[in-house]
Structure formats: C-alpha cells, structure tokens
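J.: Per the numbering used here, the sequence shown starts with residue 370, numbered consecutively.
Some hints could be false.
As the list claims (entries may be wrong) - Label pairs and their calculated CB-CB ranges:
hint	residue 1	residue 2	range
1	F412	A391	19 to 27 Å
2	G436	A391	14 to 22 Å
3	A392	F412	16 to 24 Å
4	P394	P416	32 to 40 Å
5	A392	G436	16 to 24 Å
6	A437	A392	28 to 36 Å
7	T395	S438	19 to 27 Å
8	A391	G435	26 to 34 Å
9	G426	A405	15 to 23 Å
To be verified - Here are the simulated lysine to any residue pairs, SDA-like style, with alpha carbons at most 25 Å apart:
hint	residue 1	residue 2
10	K399	D411
11	K399	I413
12	K399	R415
13	K420	A437
14	K420	G407
Don't read these hints as lab results, they were simulated from the structure. Every residue gets a Cβ at the ideal spot worked out from N, C-alpha and C, and that includes glycine.
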Amino acid sequence: MTSLLGLAAPTVLGGRLANAQAAWPTKPVKLILPYAPGGSTDFIGRPWADKLGQASGHPFVVDNRGGASGAIG
C-alpha cells in the first residue's frame, strides 16, 4: 500500500506544479526557415506565420537563415 501511495503522489502533485508555469510565450515566437528569403519556403512560411499568430493570439516572426545546406532550421 505504501508503494502505491508513493507512485500516486507525484502524479497527483505533478498536475498542480504544472499550473505554476509562466504564460507561454512571453516573447514573439520565431519561425526559423533554413533558406534564403524569397524562395518557396519563404512564400509558404510567411502566410503560415500570420495564420498561426491569428489563431494563437501571439506574434510569430519569420527568421530566414540561409546557409549550411538547410541544416540550420
């Protein structure tokens, strides 16, 4: 019985600790596109960031980082 209580206590208390977190996000969310601006990923990524921002109520910023053969994002 003691071991069952020992397993159940963190589960019950873990839900209460999760509520103590700060509201997400506190800063604008960066959508990193691993290619140069003006390409097809930029063409798709910018409207997608706008829709995500409207749906979530938080600003999304598109950050184009070209180079490294697309391995950055």
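J.: Is 32 to 40 Å a correct range for the gap between the Cβ atoms of P394 and P416?
T.: violated, 20 Å
J.: Assuming the hint says 19 to 27 Å, is it satisfied by the Cβ distance from T395 to S438 or not?
T.: violated, 33 Å
J.: Going straight from one Cα to the other, do K399 and I413 come out at no more than 25 Å?
T.: holds, 15 Å
J.: CA of K399 to CA of R415, is that 25 Å or under?
T.: Holds, at about 11 Å.
J.: Tell me if the beta carbons of G436 and A391 are separated by a distance inside 14 to 22 Å.
T.: Distance hint for G436, A391 is violated at roughly 33 Å.
J.: Measure nothing beyond the straight line between the CA atoms of K399 and D411; if it is 25 Å or shorter, mark the hint as holding.
T.: Holds, at about 13 Å.
J.: Hinted pair, alpha-carbon criterion (25 Å max): K420, A437. Please report holds or violated.
T.: Cα-Cα ~28 Å, so violated.
J.: Taking the Cβ atom of A437 and the Cβ atom of A392, is their distance within the range 28 to 36 Å?
T.: Given a distance of about 34 Å, which is inside 28 to 36 Å, the answer is holds.
J.: Between A391 and G435, is the Cβ distance one that fits in 26 to 34 Å?
T.: holds, 33 Å
J.: Is the hinted range of 15 to 23 Å satisfied by the C-beta distance from G426 to A405?
T.: Violated, at about 30 Å.
J.: Just to be sure I understand the hint, the distance between the Cβ atoms of A392 and G436 should be within 16 to 24 Å; is that true here?
T.: Violated - the Cβ-Cβ distance for A392 and G436, about 34 Å, lies outside 16 to 24 Å.
J.: Mind checking the alpha carbons of K420 and G407 for me, to see if they're no more than 25 Å apart?
T.: Holds, at roughly 19 Å.
In this structure, the hints that do not hold are numbers 1, 2, 3, 4, 5, 7, 9 and 13, in rising order.
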